[in-house]
Every structure is written in structure tokens, then in C-alpha cells.
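A.B. asks: Residues per chain are reported as follows:
There are 2 protein chains.
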Amino acid sequence: MKAFETLKNKANLLRKWSMISTTEAGSGHPTSCLSAADITATLFDKYFTYDTADPLNNYNDHFVLSKGHAAPLLYALFGVSGAYPLEELKTLRKFGSRFQGHPVPAFAYAEAATGSLGQGLSVGAGLALAAKREGLPSRTFVLTGDGELAEGQIWEATNFASHEKLDNLVAILDINRLAQSQATMFGHHIEEYVRRFEAFGFEVTAIDGHNFEEIDQALQKAVSNTNGKPTAIVAKTIKGKGISFLEDKDGWHGKALKKDDLQKALAELGNVDDQLRFDLKKPAGKLMPQSVDKQYKTAIDFEKDKTYATREVFGEVLADLVKQDKNIYVLDGDVMNSTFTEYAKKEVPERFVECYIAEQNMVSVAAGLSRLGRVPFAATFGAFFTRAADQVRMARVSEAHIKFAGSHVGVSIGEDGPSQMALEDIAMFGAWPDVVVLQPADAWSAAQLVPKMITHPGMVYMRTLRPKTNLLYSKNDTFDIGGSRVLRQSDHDELTVAATGITVFEALKAADELEKENIHIRVLDCYSIHPIDAEALKASLHATRQNMLITVEDHFAHGGMGDFAATALAGTGAEVIKMAVTAISQSGTMNELLHAAGIDAGHIAQKVREYCAVTA
Amino acid sequence: MKAFETLKNKANLLRKWSMISTTEAGSGHPTSCLSAADITATLFDKYFTYDTADPLNNYNDHFVLSKGHAAPLLYALFGVSGAYPLEELKTLRKFGSRFQGHPVPAFAYAEAATGSLGQGLSVGAGLALAAKREGLPSRTFVLTGDGELAEGQIWEATNFASHEKLDNLVAILDINRLAQSQATMFGHHIEEYVRRFEAFGFEVTAIDGHNFEEIDQALQKAVSNTNGKPTAIVAKTIKGKGISFLEDKDGWHGKALKKDDLQKALAELGNVDDQLRFDLKKPAGKLMPQSVDKQYKTAIDFEKDKTYATREVFGEVLADLVKQDKNIYVLDGDVMNSTFTEYAKKEVPERFVECYIAEQNMVSVAAGLSRLGRVPFAATFGAFFTRAADQVRMARVSEAHIKFAGSHVGVSIGEDGPSQMALEDIAMFGAWPDVVVLQPADAWSAAQLVPKMITHPGMVYMRTLRPKTNLLYSKNDTFDIGGSRVLRQSDHDELTVAATGITVFEALKAADELEKENIHIRVLDCYSIHPIDAEALKASLHATRQNMLITVEDHFAHGGMGDFAATALAGTGAEVIKMAVTAISQSGTMNELLHAAGIDAGHIAQKVREYCAVTA
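Those protein sequence lines, which keep their order, are chains A and B. Quick note on numbering: the first sequence equals residues 1 to 616 in my numbering. Quick note on numbering: the second sequence equals residues 617 to 1232 in my numbering.
Be a bit skeptical, because a hint or two may be false.
[What the hints assert, rightly or not] The calculated lysine to aspartate or glutamate pairs, modelled on EDC-like cross-linking and capped at a C-alpha distance of 20 angstroms, are:
(1) A:K90 / A:D261
(2) B:K1125 / B:D921
(3) B:K710 / A:D208
(4) A:K346 / B:E928
(5) A:K8 / A:D250
(6) B:K748 / B:D941
(7) A:K255 / B:D941
(8) B:K1125 / B:E1226
(9) A:K249 / A:D260
(10) B:K1068 / B:D936
(11) A:K90 / B:E750
(12) A:K326 / A:E303
(13) B:K913 / B:E884
(14) B:K706 / A:D54
(15) A:K94 / B:E884
(16) B:K871 / A:D261
(17) A:K165 / B:E807
(18) B:K942 / B:E750
(19) B:K871 / A:E342
(20) A:K165 / A:E198
(21) B:K845 / A:D273
(22) B:K871 / B:E884
(23) B:K781 / A:E191
(24) A:K229 / B:D866
(25) A:K249 / B:E958
(26) A:K255 / B:E958
(27) A:K46 / A:D273
(28) B:K962 / A:D250
(29) B:K865 / A:D208
(30) B:K880 / B:E863
(31) A:K452 / A:D477
(32) A:K259 / A:E87
(33) A:K255 / A:E5
(34) A:K475 / A:E354
(35) A:K346 / A:E399
(36) A:K46 / A:E5
(37) A:K221 / A:D208
Calculated directly from the structure, the hints in this document are not laboratory data.
Build the full structure now, drawing on both the sequences and the hints.
C.D. replies: And the structure:
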């Protein structure tokens, strides 16, 4: 057919530039681009609605390249869509280019940074979910490889997508048989994928991924689908398709063609017109991400002599805020009665997203929501964010402004034991550049910091406490990202103890104990762990007799608040002594476990005494 | 039937003690135990081969409690197996008790620490895999909840188990409808699970989990299975089964009964004889974990003027070692041609385990192998261990002695960009107590450290480099965990630069550059990052003019080698200045990216000059 003749040429134009750009770069994955050229050319030419002038328009369709190593194909697709001259693709993988080895936000048309496999379908589910819930006409297309279908997150995403009835989501599976080091588990047995996706509730069509008529029919069916089921197009393809010496050959994964091989390959493609362009449809409307309303109110109040768990305060305040800003979404991993996101669910069920016990999908769905300008809060036990560490990592690369709340941190959770204790979460979230890490110790500071998680333009992680704690502050105190509070001071303080979260109370008890011995210490509440309040630390050490800081935290010793404090004080001549958890904990009462970990009031007092003795 | 009458009583004995122990503790998950009492009682009484005197005997069957919150049931099961007096269960969740909130190694009969959900089937697959490959007669039974079937790792494990034809593996799915905060995604629609497990290649039997005849037939069928398919028994159960006011009720997850409710519950159970015991079958043989052979040899040699990638050296040495010790298993995530575990595969395919792109399952399978006394090496890109952070965390709690090798670390990988760069791996592995972190910079140190990963009795992570590097050492140099090497020194050194991995070469170049300006620095290769060589650092700073350490690493600034060094020098009055990666990187050449990150020779030299100027 004539129509498919032009399409075939456009697909070959994608092939041509996928090969030219990778040869120019001297590295990359051209054969992984070639297998998907026919199907993506058809998608863009006939079914994709997109305004390249406004990549963030919520009315655009979305194309998520889950197989991120096929980045040259993505770059060629938007080049042939007219977004930039194809010639620019020759900067692929070069320092400073927007065309990096795998998609990142420098490329404005990437819906997410990909390259760690198996995450794209969840991101796509996030994009599709917002469209579904808010009545936007967009469709989301996710191109996955076959190797990445081994990642468990794929099956979290499929369960989620079918449970949420995302019939505006289309997964295109590029089953080209060969992964990086060998054939995939199932090779070209596409029936294995058909069976799995059907079992997980998808509408599945199996096609020859190089037969334009089959491709066209499958896409036509997918975009007309309104039956409540997401679509999977299982496309049997040939890795390296179109170039005889690359087709279905081992040993060509992640290899650019040498110049002379490139010439042979281009000769096989024949005369391909560089002027061909896709005929993108314009979106029917425009909705751009909105700026965040900075005037959140909360009516929450606390009674002076009562105790409150910051996790519950977090939930209550969030429920207030979610009513005031329709951009906020709240995501739960079946612990809403522990993190208290159940309060937000009660207020605004239409923006509450139950992800069940599937933290990886939860985080990547949040990344998809963030791409649309929504403000996603993702909450679970702090320990269980380790389950999604790679997804948080990639969300950070994506510049997704997710707000995380991790409850049940530290040994202070007590009887449940080590599997439920977050003791590496500060190390993890703190390692990624510019991720804010907060840990309010009382209700007032928690209440004030929740809205600041939203107004901060970036990723934020809040540690919330399981046990109830006393109030330290009052209604009119203010708390800011990067701040701290002095809770105990005198004109003759020996040294400074910086605590955070539950250990603030231990430090105060230690101060009381030492006071009786006429030893005075300054106590700081470092509720902002990253950035830490460097100025306050320096000022505090300056004002005490010894230029010494003792940090105390309910977290492992490495990578915690103590390391942030030490870094902040580097070059000042200060001594920093870290008190933290140094062994795997166990079951017990909070007090038993704080004591066993050596971070309770008694241990703090003893440590202070040691250093007073040394320098007395 | 009479037989089932006794069984029913034994099941009720499990119920009784699950409730007594949790009430005594004041917390826990009795209702999650009750739903699985009938099926586990049948398993232990009729089909379980186990010698409670030797929990580590490889001839034992294995029971993995994936739903770790049902720990009281596990404790009751082995109590009724005669392993200890039931009365001891009253110490549940108390400080110092082996009966912790979730299973940990203090309980000798736990095959793995569980409590983070969805990991048990992978652990079980590891146990079953070793039995299969080594011809051991054991069977592995894994009890999962239904909530945890939402975790993607479950589907990684099912793919793996069916691909490896583990017909000695039996997954028992306790479908009791209710998860923590609400009903599961599928409630009592057990056909949803049947369809999924069938699609993933399991032999599936659906039963009423409280009908002893159906339970018995299903287990009988499972233990006779030799058709190459793993079994899934999908058991429809009632949460709280057996106690009228708990059965199928919302709001009872994770709640112990109050004393008076317990009395009512026990009254409903009737007279249950505490003397009842399971009739465990004795294993037919005995094979205990063997101690590690400490005399590994490697014939590897390197030519003086050539360059070598430590990742390839790792692979070559591992291939040597794997021939010398039949306990070693090598696990790959479809990157064996990048991590060079392909060499080990060539030597000993029977102990090479291809896990495809499913890192979570890979790590938990390794934990299973470790439980049997095998020495599992798990290798992938360093960045992709973040995908399995929670599994590593739980493996650490399990005291699984896994040896990890992460390749492609830092910005030095170049063109592939940030998604492939491990820049938080030291923070992650370093946070967990006592995990050894190594990063050899050249071939000789890499070759010597690989066997030391085995002989070290614990978890070890080795960072390996993508680029080839020059030799720094020679054949007779020795390298130990906790060691370091001085690479440049004089009698009039200004200060010390501690580097690790690729930055060692940058530090040496900086030293050369500074030498020309008559500024002398001491350069240390901290190939052992954790533990770091505190003594050498102190000695070095003692010997230089300034009490100052500059650390340089291809890792994010927080949680890296610099923080370990600073901690090691706490209390010495030393200044520690960290040079590290502080922003998300991009594509480019290695040199461009090291420069952009501020960790190349030029930046190091400049930093040294600054501090010399300050103190001159």
C-alpha cells in the first residue's frame, strides 16, 4: 500500500539517524532502535497527538521510552516530528548535548529519565492515571523492551493499570529476542508475554512488529479502546531489523557501527529523504503545570500536655492541604492507617491513589504525576522506601518533585523488630544531590514543615515517628527547610549536642541529668537534616566552652545526620562525635532499644561526661 | 475422619499459642497466623522432613515464612515440632528473646529474616535451586500472604522458579482477603491468583485452606510432583479463622487480643492438648555447611605496561576460584559480559545462575544459597543494586554472607550517562553495619581482594571500574580488608590526599603537577573503604605538615569514603575536606565528567594549593 510505503520510509529515516548518531558518538544501542522503528513511526505518524512547542501541555499524548537505551530512536522520533534539525543528533552522547546516552530532563520531550529498566510502564501509569481521573483526553504509550519484562516492577504496574482501569494506557512490547548478554528468558515465544499480560488484565494484541498493516490495526484498536482495560501490543520484532548483517545477530547489543559498516547499512536502507516529517495531530486544548499556591492553611491545634505522633500530625495536615490544592495526589502502599494518609483519602478520595504493597510502582507512578505538574506525596514505612531505591534514584535524575513521608523510623518503633525499622533512609535519600531530608520531633514542627514540603521546588523526604512525643514548641514558632532550634542553652555551656527526631528527647533528658551535676550543655533540634543548619551549628560551637559537637540519631552511624553535621563543620576545627545505631537491632520496648543502641539519655550524658573529663 | 480430627487439634494448638504469645506481648498479628494454621499443621504433620537438632542440615526440607508478621505461627510450628517448650513462646517480642516480632537469625529455624514482604519466594527458590542442582532430596515450602503478592519480586521469583524447573518448590498462598489497611486488590477472588501463577508456569491447585482433605490432597500432589514445574497451592482462607469474633473482620490486622478476648477465644477453641506434637520425618542424610577453604590460588598475571579494567580482573579471578570451591555460586542479572561473570559461567555452568534483569530476585536467591552454606557472588552494575536495596537490607538482617560486585561505578563510566552510574552505592552498602566495602584501583589489588571477599565471614561489596587503569602494584604486594597503601610520600609532605578507585590516578597526577611547584603531598589508596584504614590515615596525617586530609572519590559527597575517613579521624583534631560528586552527572568522556564533577587532577591540585596558601 502507498500509505505504508511512506511510513516505511519514515521508519527508515528513524533507522538512518539512530545509526548515524551512534556511529558519530562511537557508542550506543542502534540495533535496539531498529527493532522498534516501524511501530513507533506508525504511532507518531498516525496516532500521536502532541504539540512540540509545549511538551508540558497536559493535553499532549505521552510517549514513555521505558527501554531507555533506545534513546537515539526517541531523539530521531522528535526530530522527525520537527522539534529540531536531525543534524543536531550528531551531538549524541557528547558532553553538554541534550541527547544523552539515556533520556534525561535535558531532553524536554522525555517524560522521564530512563535507562534503569522496567520503570516506564509505572511512569506511564502515573500519566494515564491523572488523565483518567481528571478527564483529560490524552493517551499514554509506553515502549518497553523484552529483557526488562523480567523486572518485577512491570507486574506491579500491570496490576495497578488494570485495577485502575487505565484504558488510555498502551504498552508496546518490543520483543526482539535478544537482551544484553544473551537471549531473553522467552526469546521469540511471544505467547509467554501474551499469557502473562492477559492474566494481569490487559487487552492483548500480538503482532508482527514489522508488518505495517498489523501495527496499524493494533494501534487503531488501542486508541479506540474504552473497555476499561489497558492495552498491550506484543510485537514480535527483529533486533537490528532492516540491516542484513545486524538482524537477529548476537554480539551487537550496545555497539555502534564502525564508519564503513555504517556506509554499508545506509546503502541497504537506500535513498531515505531527510525532509520527511511525521504528521502529528495538535492537542484539542492546553493545560500547563500550575505553580504551587504558597498560602496553605491548617487549622490544626495541639494541647499542651498531650503527646502526638508526628506520623499522625503529618497525615492530619496533609488532609488539610489536599483540600486546598487540587494538584496534590496522595499515594499509599497499603499502610495508610500507619502513615495516616487515610485522613487525606477520606477528604479527597479522587486524588488518593492506593498502590497496595508495591512500592516500586508507587514511586514511579508519582514520578509520572510530577511530570504533569501534580504534587505527589508517597508514604509508607521509611524502611520500605529501600524497596524503591532505584525508582527514587531515577525520579531524582528525572527531576521529579516527589514528596516522601517515611514512618516507623529507627529502633524507636520497638517490638516489630529490625525488618520494620528505617535506619538507612537518611543515608539513602541524603546521598542524592539536593534532596531535602526533614525529621520533626514534635507536632508543631511537623505541622509547619508539611506545607513546606510542597512549596520547596524539589524532592523532599520527611521521617515521621511512630511513638507519640511531647510538644517542644508552640503555635507561633516557625520552622524552615535548612533550619534548626536551640532547645537548651546557658552562658556556660560545655559543648553542643545536636539531635533529631526521637533523640531530641533523649538529649533533653541527658541535659537535665547533667544539670544536676552542674554540667551545662547546649541542645539543638536538627529537624532539617539536609540541608543542615550549618550556621547554627557553628554559632553554637562558638558559644560553648569546647569546640565540640556530639550528634545523636536513631539511624545507622554511616550516612546519617552526624555526617551532614561533620561536613558542615569541616574546616572549622570542630570535633564531631557521632552517636548512632551501630548494630542490627531487635524486638523490645522503645526504651530498651534506645538504650541497647547506645543513643538514650544515659549514654548521651555519659559521653558528655567523658569529654568534660578529658578537657577539664 | 479421625486422622483429620487430630490434625485439627494440632492446628488449634498453633492457634492457641499464636494468640497466647501475642496477647502476652501486647502486640503482633494473631489473625494472620490463624488463617494459615490448618495448612501448615498438615504440612508439618504429614509432609515435612526435618531434624530440629540440625536446622542447617542440607537434607532438611525448608519452610520459609514469607509473611513474616505471622512469626508467632512459625514459632508455634517448631514448638509443636518439639524444638523447645511452648511455654517459651510467652517471651514473644520481648527484649533478648529469640522470638522476635518478625523472624531473624536469633531464631535458628528461620530460613531467612522476613517482615519486608514478597521476598520469601525468592529465598525459597535459592534453597530449591541448590537442592535441584546438587541432587539433594529436600523440598522447599514457602508460605506467602496475599497482600504481598502485589510485590513485583514475587513475579521475578515465579519466572525464575519455572525457568529453572524447580518442581521441588511449593508456594502456599494464604489468601485471607484482608491486608493491613483494607482488603487486598483481589479479595477472595482466588481465580486471579490461579490465572497469574498458571501464566507464569506454575502447577496450580486451588483449595479451601480450611478443608483438611483438600489441603492434604494438594500437599500430597505437590510433594509427588516431578513434572519440572513448581507448585502453587492457592488456599482460600479466613483471616482470624477459628475464632468467631475475629473471622474475616476488618480492623484486626496486627492487633493482639486483650486478656478477656483471649479467654473468650481460647474457650471457643475448646480443650486443646498442649502435649500434641507433629510427627516430623527424619532426613535421609546429613550435609552441613562447610567451612571456607582459605587457600585459594590464582594464576592470573599482568603485564607491566598494559592497562586492565578491575571489573574484568574480578571476573577472571572469580573464574579461577569457582573451580577451586564447589560452594561458590555466581549470580548474574543479564550483564555477565559487563561484569565479566561470563568467565565463571564458562568454567562452572552448573554453579552459574542467570537471573536475567531481575535484581531483587537475584539478591534473595543469593540469601537462600547462603543459608545452605554456599558462597553466592551476585554481580551487576553498581547502580542496579539500588534496585535490590531492600533485599540487601533484609539479607543483612538474615546474616546472609553474600558477596556483591558492582561494576560501572561513578561518573568515570562516561557516555552512558547518570542512569548507569553508581554514585550512592557506598552510602547504601556502607550504612548497614559491618558490610565490607572495597574498591581496588588496579589489577593487582583487585586480584588479591577477590579471594578475601570469600574468606571474610560476612557481607562484602566490591566496586569495580569500567575503564582500564594502569598497574599501581606488583605481584608480591598484599592487600587486606581494612588496609590501604601509601603511593606517594616524602619527608616534607604538606598534607594527605586519600583517594579510592579511579580517583587514585587523579590524585597521583595532581601530585606530579604539584611536585613541579615544589608542593609535596602524600597519596593514599583507600581500597578498603569500610573498614577504612584508620591507623594509616592517622599515621599519614601525623607525618605531614598539616593535620589535614583531602578525600577524593567518584561517588556522591554524602555517605561516601570521605565520611568514613572523617569518622575514623574524629577526635584527632584533623581537618577533613571532601571532594566528591555533588550534582547529577551527564554523558561525556570520562575526563570531561571527572573534570565537571570537580574530582580530576586539576581540581585536586587546586584544592591542595588553596590549603597550602591558607596555612603558608
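A.B. asks: Compare the structure with each hint and give your call.
C.D. replies: Hints, one by one, checked against the model:
{"no.": "1", "hint": "A:K90 / A:D261", "verdict": "holds, 17 angstroms"}
{"no.": "2", "hint": "B:K1125 / B:D921", "verdict": "holds, 17 angstroms"}
{"no.": "3", "hint": "B:K710 / A:D208", "verdict": "violated, 61 angstroms"}
{"no.": "4", "hint": "A:K346 / B:E928", "verdict": "violated, 56 angstroms"}
{"no.": "5", "hint": "A:K8 / A:D250", "verdict": "violated, 25 angstroms"}
{"no.": "6", "hint": "B:K748 / B:D941", "verdict": "holds, 19 angstroms"}
{"no.": "7", "hint": "A:K255 / B:D941", "verdict": "violated, 35 angstroms"}
{"no.": "8", "hint": "B:K1125 / B:E1226", "verdict": "holds, 17 angstroms"}
{"no.": "9", "hint": "A:K249 / A:D260", "verdict": "holds, 18 angstroms"}
{"no.": "10", "hint": "B:K1068 / B:D936", "verdict": "holds, 14 angstroms"}
{"no.": "11", "hint": "A:K90 / B:E750", "verdict": "violated, 53 angstroms"}
{"no.": "12", "hint": "A:K326 / A:E303", "verdict": "violated, 30 angstroms"}
{"no.": "13", "hint": "B:K913 / B:E884", "verdict": "violated, 65 angstroms"}
{"no.": "14", "hint": "B:K706 / A:D54", "verdict": "violated, 65 angstroms"}
{"no.": "15", "hint": "A:K94 / B:E884", "verdict": "violated, 73 angstroms"}
{"no.": "16", "hint": "B:K871 / A:D261", "verdict": "violated, 68 angstroms"}
{"no.": "17", "hint": "A:K165 / B:E807", "verdict": "holds, 19 angstroms"}
{"no.": "18", "hint": "B:K942 / B:E750", "verdict": "holds, 10 angstroms"}
{"no.": "19", "hint": "B:K871 / A:E342", "verdict": "holds, 18 angstroms"}
{"no.": "20", "hint": "A:K165 / A:E198", "verdict": "holds, 14 angstroms"}
{"no.": "21", "hint": "B:K845 / A:D273", "verdict": "violated, 53 angstroms"}
{"no.": "22", "hint": "B:K871 / B:E884", "verdict": "holds, 19 angstroms"}
{"no.": "23", "hint": "B:K781 / A:E191", "verdict": "holds, 19 angstroms"}
{"no.": "24", "hint": "A:K229 / B:D866", "verdict": "violated, 29 angstroms"}
{"no.": "25", "hint": "A:K249 / B:E958", "verdict": "holds, 19 angstroms"}
{"no.": "26", "hint": "A:K255 / B:E958", "verdict": "holds, 18 angstroms"}
{"no.": "27", "hint": "A:K46 / A:D273", "verdict": "holds, 19 angstroms"}
{"no.": "28", "hint": "B:K962 / A:D250", "verdict": "holds, 17 angstroms"}
{"no.": "29", "hint": "B:K865 / A:D208", "verdict": "violated, 50 angstroms"}
{"no.": "30", "hint": "B:K880 / B:E863", "verdict": "holds, 14 angstroms"}
{"no.": "31", "hint": "A:K452 / A:D477", "verdict": "holds, 14 angstroms"}
{"no.": "32", "hint": "A:K259 / A:E87", "verdict": "holds, 17 angstroms"}
{"no.": "33", "hint": "A:K255 / A:E5", "verdict": "violated, 29 angstroms"}
{"no.": "34", "hint": "A:K475 / A:E354", "verdict": "violated, 33 angstroms"}
{"no.": "35", "hint": "A:K346 / A:E399", "verdict": "violated, 30 angstroms"}
{"no.": "36", "hint": "A:K46 / A:E5", "verdict": "holds, 14 angstroms"}
{"no.": "37", "hint": "A:K221 / A:D208", "verdict": "holds, 15 angstroms"}
Comparing the model with each earlier hint shows violations of hints 3, 4, 5, 7, 11, 12, 13, 14, 15, 16, 21, 24, 29, 33, 34 and 35; every other hint is respected.
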